[in-house]
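K.L.:
Protein chains in written order, with the working numbering: chain A, 1 to 106; chain B, 1001 to 1846.
Among the hints, erroneous ones may be present.
A few chain A positions that, by computed beta-carbon distances, are all more than 10 Å from chain B [stated by the list, open to error]:
#: 1; residue: A24
#: 2; residue: L28
#: 3; residue: L34
#: 4; residue: L37
#: 5; residue: R56
#: 6; residue: I72
#: 7; residue: E78
#: 8; residue: A84
#: 9; residue: L87
#: 10; residue: G101
Computed footprint of chain A on chain B; a stretch qualifies when at least three of its residues, placed anywhere within it, have a C-beta under 8 Å from a C-beta of chain A [as the list claims (entries may be wrong)]:
#: 11; stretch: 1622-1635
#: 12; stretch: 1703-1711
Simulated DEER-style distance windows between Cβ atoms [as the list claims (entries may be wrong)]:
#: 13; chain 1: A; residue 1: L34; chain 2: B; residue 2: G1674; range: 53 to 59 Å
#: 14; chain 1: A; residue 1: Y90; chain 2: B; residue 2: V1032; range: 53 to 59 Å
#: 15; chain 1: A; residue 1: G17; chain 2: B; residue 2: K1764; range: 40 to 46 Å
#: 16; chain 1: B; residue 1: F1682; chain 2: A; residue 2: N61; range: 22 to 28 Å
#: 17; chain 1: A; residue 1: R91; chain 2: B; residue 2: G1674; range: 24 to 30 Å
#: 18; chain 1: B; residue 1: F1682; chain 2: A; residue 2: Y90; range: 50 to 56 Å
#: 19; chain 1: B; residue 1: T1790; chain 2: A; residue 2: R91; range: 55 to 61 Å
#: 20; chain 1: A; residue 1: L14; chain 2: B; residue 2: H1721; range: 44 to 50 Å
#: 21; chain 1: B; residue 1: V1032; chain 2: A; residue 2: R91; range: 51 to 57 Å
#: 22; chain 1: B; residue 1: E1751; chain 2: A; residue 2: E78; range: 50 to 56 Å
#: 23; chain 1: B; residue 1: D1754; chain 2: A; residue 2: E78; range: 54 to 60 Å
Quick caveat, the hints were computed from the structure, so don't treat them as lab data.
All values derive from a computational prediction rather than experimental measurement.
Every residue gets a Cβ at the ideal spot worked out from N, C-alpha and C, and that includes glycine.
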Amino acid sequence: MFQSLGTVVEHYVLIAGVIFTLGAIGFLVRRNVLVQLMSIELMLNAVNLALVAFNRAYPGNMTGQIFAFFIIAVAAAEAAVGLAIVLAFYRLKGTVMSDEGDQLKL
Amino acid sequence: MQALTSLFPPNDVTLLAFIVLLPLVGAFINGVFGKRLGREAVTLMGLSVIGVAFLMSLGCFLMLHEQQTGEQAARLVWKGWDWFTLDTGFSRVVLTVGFSLDALNGTMALVVTGVGFLIHLYSWKYMEEDPGYYRFFAYLNLFIFSMLVLIFGDSLPVLFVGWEGVGLCSYLLIGFWFDGEQNASAGMKAFITNRIGDFGLLVAMGLLLLSTGSLDWSGIEANRQHLLDGMQIFPNLGWLGLPNGIMVSRATLVGLALFLGCAGKSAQLPLYVWLPDAMAGPTPVSALIHAATMVTAGVYLVCRLSFVFVMSPFVMFVVAVIGAATALFAATIAFAQTDIKKVLAYSTVSQLGYMFLGVGVGAFTAGFFHVITHAFFKACLFLGAGSVIHAMHARIHDNDQSQDMRNMGGLRRYLPYTFVTFLAAWAAIVGFPLTSGFFSKDAILLEAFSSHIATEGRVITGGETLWEWPQATGTVLYAIGLLTAVMTAFYMTRLLIGIFYGDFRGWKIVQKWKEPKHEHGDHHHEHEEPGPSMKGPEPHESPWQMWVPLAILAALSLVAGFLNAHLLQIHWFDEWLEPVFKTARTAVEHKEVAEAPFLVFAVTAFAVGVGVAYWVYQVKKGEPARAFAEGSPGFYKLVRDKWRVDEFYEETFIGGVDLLAVMAVWVDKWIVDGIVARLTAFFTSLAGTVLRYTQTGRVQAYAFTMVLGMGGVGWFFFLPHAAYRRTRDDLGGKYTLTAMPGASYQYRWDENADGKWDGGFGNKTQVAFNLDPDQTKKVRLQVRNAFGLTATRDIVVHRPKPDLSGADPEALKLLEPTGAKGAPRNGQAPNAPKGAAPAPARGGQP
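Next up, chain B with everything else stripped away, as it sits in the complex (with noise of 0.2 Å):
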């Protein structure tokens, strides 16, 4: 430890750059020559670099936790290279690409590889004979690099390249079968919604750097207060009777487009719709990727800039309803999916809402908290679906019945490991009393009901009206995320007994589905009955390299709550991350309340959800479902088609895109083709017909046309030309006339025009005068050349009168001819039109 601490002094941490660095290297050796290299090569890259990058992590980490004692924040830098300046007209920014590490983001660095490479291992053997292993794992390795960017990066233009790298992984594994339309157009859904959120974080990029002057996180920290100035964000139409001119805090704008792109990343509402879609790649990525880390990019966010979102009480609400509903939306969409992948995808959502309902409110710690052990059980939960899905795929090769409950039942006797550890990360996501997920969410929901967030922030509607949360806002939010608790554990109870227990329904193929045995005929088969019980190898368990990660998974998911483990009076995690999250922490207000009713509520909740999804699905085996889907299935099949938001967003959004498409389309089609383009070519075609005649062919009549040419530019040169150049100031009544220069030119000048040249002939090619207003001059200029040509020019010059209609009396004033001439009046833009008052003081710039 003194040895890397001597080695990297906290200023100039040279090893971020490394751990950084690593699964580039690993991704760009993979792309390039993974074809080549072999499976075992690309095996051994792809999981050293990560596996180095996270022993580098737990240094650095180690390091950090020395260095940070009590409440003071440590932090180890790396500063590359000055990336561009930024000239924002009144201060020049230099953005610098630099990493930083605290102990927000040094947790995260650590979940980050150390679950990403538990995931690299499980996908050795999960992906083991696809075609496309090198390119997968290149992909998962530029995932890596992606993700550690943006959670290093120092400010947030690095923080976005990283953002985006992860939005381009995330469709490149999405789509990674692209064979497959659907996993393709999954993966442009996933890209083109994260674009919407992007362009939120770009606005607040902007903004930022407008009101605050910097971009990097001490910067925007240490001029926040410039944020709590008004910003006009609707034009003054008062006239119409419409509101004149909302004012509102840029904090408020600054937090609700970074919001907006939290959204995006993190799959809440409204733009959750890509990240269930995004179930269509490998299961390895949607641990990965869409589970464990990139999805919680937008919570990091949240965390990162906690001090800018809590100057504005209205954001934090809007983060913590959004949250709140999302938690509860998704929740309800769970209930009714068969696809495991989508229920756990579902779940995922759902999970995030409760992450943003924890930050909302100001439970920063808590809610990252929520991030760590929800990357813990999550990505063993979905380990775990691929594990199942791996040993179903020996029955059904068909993806979408190899994910289907409804072919499962009963696995827990041929997946012993698989289902062990399934039922560890269930009991963590349901809030099995000790579990990791009972602490964290206990700890969202607890100050979810007593937290308010203090008005130190304003937002000015009109006139100086200060906004404040309601006052039922904690407890409609608490009574919402434990409704989402026992949903959850409702969901995920069902999802554990359509899976493990009961019998296996994988005996029989249902009709329609194709039987993978008979590839080559499939339309012979379509109408086969239901097949009778059908003999074939059994599910499995999967190999070493797919059940260590599980159990790993599994063993942190069960006691990682311990890390912060309120009822048994552990803080250590709240203390670790104090000094983080110190400044925004002093806009959060408690109420006291006492912890007992809430446990007892919690567990009731898990209680409640696990017992009733145990009586309807195992005890009842689904009957009282089945009898509830039959009684209301309009209700029933609005919630399995997930409210039917995609058909929603179809007909509006994506309609209205669609008809503009149609009306450029026809413009194109009858205006730019139909007319401009066929104008063209017929003015172009008759000057062809007429030009043709002149393309003889002949070398002589060629030569012929070159000389002509020749000799009328060498008679241009051998005439003198009097040209000349004006430049005007009718403002300041001065005029020079420059002419222009020639071969061997001499000038003569007649200034006054009395018919008398001023001299001989000279050099002086230019003069100058004043005017007074309404003033006429003639000027003559005489050009001789070499060879002894004259040519002549008069010139007249005139100064207008200046239009002084509606005039400011007091500028006239400064007009009166004040007898001399040429008198220094210019540049006081005397004649300027009414209402040009001086430009408005822009306030609030640093």
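Here chain A stands alone, though its shape is the one from the complex (with noise of 0.2 Å):
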């Protein structure tokens, strides 16, 4: 497998998609809101690193550097949002816990 791309890019993308596993396997198993937070900050920062490793394997320009700074600034904001909405939440209910969370349905 992998042969294709360069042996040192392969090492990146490998430990991107395990966190980005571990993110994703966080968010749906976790009932804290907080962690699951953490999880998406997780998955996203995997994306972050898949981005600026092939950025370095084809340095033809700079697009993933540039799209990981997006994204870092993306992030930043969404937890942002993400913890207001975490606060909201915690004084509508008493608790962080997301399965509490089953008002979205009419």
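Take each chain as given, in its own frame, and dock them per the hints.
P.N.:
This is how it looks when you write it as structure tokens:
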């Protein structure tokens, strides 16, 4: 496997895949909303890692790196909104366990 | 004059655009800001734009007059901008928004802006108390704008814009008092009836574009010989025992379609029904739009495209006959009307018939001259009627009753100015010697008798039968025209006597008529007996803003005839318009006739009509008319009910449309709503019932579903897919296979299907090969992606045997295998089905 890509990139991508999977599983398995937010951050950063690694392997332009910066900025904004939602959720329910949030349906 | 000419060279007269633009500006300002500007500002705006437009038109007219010398037609042109380009398939036609001015529309523009200004002035006081004052002036200005676009337009589409614009303004102004349901429906009636005519105009435009490849006047005239080509209007139904493909000349089709448009706009049979109802609008509107200007647009169009009309004698015949029939028919209805505006409306229809009779026999100048004189005297009559109604409103506030001549009489004592001007206009319309109507009507009648359209065009029926006017046409048309003249004199005298002579009958309020002073409780008074003499305000003369226009129009009605008084050897108008109609007049043949007898007939017609009416209504106080009505009540009622044409249309055409609507409602209710909608609703609710269980409202569950879906997409991209696209050319035998792209895909092929790959993995995405008929080929494709996974696909390509049953043997020869693969056979369509002969060449295209 992976013989068409450079050996260095291969490792980074592997690590990124592992981190992404950990984030995804964490998001699904954990009930604490704060931990879920952290899992989301994990996933986003796994993507960042992959982008930067690919950019290094194919250094024609800086698209991957720039994109990573964008994701960092957007992730910061997302975290702010997410934490605000968590706060509101806590005030409403008195807990931060996400299985308590079942009011999205009509 | 020199300055004007040097400022505006004849090929770029921007002044024309300004003339048109001014009323639009007035309409915009009055319409948008009028409510806040107040009455004075609205009046100033409305009057000044039309006044200035009139002065500018006068300037243009003088420029034109200076340039037109002898037989050479002068033309002032303003080219605006390219509107759009039509690709007709064999030619590109660029439509330009442009205006042009020649003797014909230069004269028309003077009438439109001149009479328009007088009527604006009149409306100042007539509409003074109306809450929609600003709206009225905005509409009037908009109407003048549209009318100017109509007459200045250098091509049919531009004319059509104005044509629709005046239709819109007519609709808006008929329904000006839209709180009365009758008024609103009268507006709609006018609009819809005009739509039928507009359909004809659109068809004519298409045919002209197809035949001449042009839509502007000079282009149509230059290419008009193509209009003589035949066109099939009936399918080949010889095997059914029906006529086999009737051919007519394009000129006939174009002419008939154009005339349908003219008949709609100018209220001719059978589309005249909207004009009498249009009297629901304010009286100045009736004078301006429904008597003086808009309704003559049809006559103008016939004059404008006279060179097209004369190419088909049949069309000219139709125009003349419809005109004469309308003139007679409308005159009969006018006999029994008591609403003064209705009498004038039917008189207008009748006079429009006269104009079409004139242009139909090729007397374009005479017909158009009648447009001008009619604009003067009919506007004067309508405005006079408005003045009378205005006076009656002092006593009777109900519209229907204040317009009824049974309530009038003796008004000459109260309305001296109105009476004198009305008398002058009456003299013109009944053909009192030396008035304008006398000259214009006489010219039409004389030419109706003596003219004949030469068979320049041809109407081909089946073979080569040429259609000619029947021998007696001229005599019959003349007789109808003369009879109509007698009837016109009769009913106009009846109207004059009914309004102005005798005793004032408005002192009494007839039973069931609402008495205006008791508006708060009408129902208490419904059974009131005919009132005794009622004291109250007397009818009074109108202010100067109203009688000054009347006086000017009355003076014009009396003297305008001298522009073209053949009797006195004055031919100014003929000479002025001669260059415009030069082409068309070549098709008109004249019999030599002595003019004197016709003069005697014309004067006799006037004298008989007026004399009989005077005897019936003045000497005998209407006794013979009442006796006639009682003697044959059925006939009298039929005439009074306008021959029940409206009822007939109601039953047939409107009833037919209603029936269609009822059927459509049934289908909508039972099929669309009943079956289609319910079935859909059932399936939707079924799906909803099932899918509702997936809506848990738990974020975790949604996130899990999302991750599952993403995993599925990821898995799809992880696997390679050996998809391909095939192009086929069964005729030529060429085939290509193209492998579809993917992330880092590499391909290898096995073209001969021998189990061995043709090479290693590479970037070759396409294979091409030729096949013989009925040959089959197997190809293998293998794809490898970035992860080293592979996918394989077997592709079978088969070239079918062509179906040659019934093919042309000559074509089959071309199909014989030539040996070499990929011989240049494609594109020749050898196996085209039988009967596909080369498309017939279209004749007569530019």
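K.L.:
The structure should be examined with respect to each hint, and the outcome stated for every one.
P.N.:
We went through each hint and held it up to the structure:
1. Against chain B, the non-interface label of A24/A is violated: not every CB pair exceeds 10 Å, the least being about 6 Å.
2. With 10 Å as the threshold on Cβ separation, the claim that L28/A sits away from chain B is violated: the shortest Cβ distance comes to roughly 6 Å.
3. Every CB of chain B is more than 10 Å from the CB of L34/A (nearest about 14 Å), matching its label as outside the interface.
4. Distance check for L37/A against chain B: the nearest CB is about 12 Å away, which clears 10 Å, and the non-interface claim stands.
5. Interface exclusion of R56/A from chain B stands, the closest Cβ pair being 18 Å apart, more than 10 Å.
6. For I72/A, the non-interface assignment is confirmed: its Cβ lies about 22 Å from the closest Cβ of chain B, beyond the 10 Å cut-off.
7. Distance check for E78/A against chain B: the nearest CB is about 15 Å away, which clears 10 Å, and the non-interface claim stands.
8. Look at A84/A: its CB is around 16 Å from the nearest CB on chain B, clear of 10 Å, so calling it non-interface holds up.
9. The beta carbon of L87/A is kept farther than 10 Å from every beta carbon of chain B, the shortest such distance being approximately 16 Å.
10. Consistency note on G101/A: stated as away from chain B, yet its beta-carbon is not over 10 Å from all of that chain's, at 5 Å minimum.
11. Chain A is given as covering the stretch 1622-1635 of chain B, and this is violated because 0 residues of the stretch bring a CB closer than 8 Å to a CB of that chain, at least three being needed.
12. Note: the stretch 1703-1711 of chain B has 3 residues with beta-carbon separation from chain A under 8 Å; the three-residue rule is met and the coverage holds.
13. Between L34/A and G1674/B the Cβ separation comes to about 57 Å, which falls inside the hinted range of 53 to 59 Å.
14. Our hint of 53 to 59 Å for Y90/A and V1032/B holds, since their Cβ atoms are close to 57 Å apart.
15. In this structure the supplied range 40 to 46 Å is violated for G17/A paired with K1764/B, their Cβ-Cβ distance being about 32 Å.
16. For F1682/B and N61/A, the Cβ-Cβ distance of about 56 Å falls outside the hinted range of 22 to 28 Å, so the restraint is violated.
17. Under the hint 24 to 30 Å, the C-beta atoms of R91/A and G1674/B, about 52 Å apart, miss the expected range.
18. Roughly 45 Å separates the CB atoms of F1682/B and Y90/A, a value that falls outside the hinted 50 to 56 Å.
19. Between T1790/B and R91/A, the C-beta spacing of about 56 Å keeps the proposed range 55 to 61 Å intact.
20. Under the hint 44 to 50 Å, the C-beta atoms of L14/A and H1721/B, about 25 Å apart, miss the expected range.
21. At about 54 Å, the beta-carbon gap between V1032/B and R91/A stays in the expected band of 51 to 57 Å.
22. A hinted range of 50 to 56 Å for the beta carbons of E1751/B and E78/A is consistent with their spacing of about 53 Å.
23. As the Cβ distance of D1754/B to E78/A is approximately 58 Å, the hint placing it in 54 to 60 Å holds.
In summary, the numbered hints that this structure violates are 1, 2, 10, 11, 15, 16, 17, 18 and 20.
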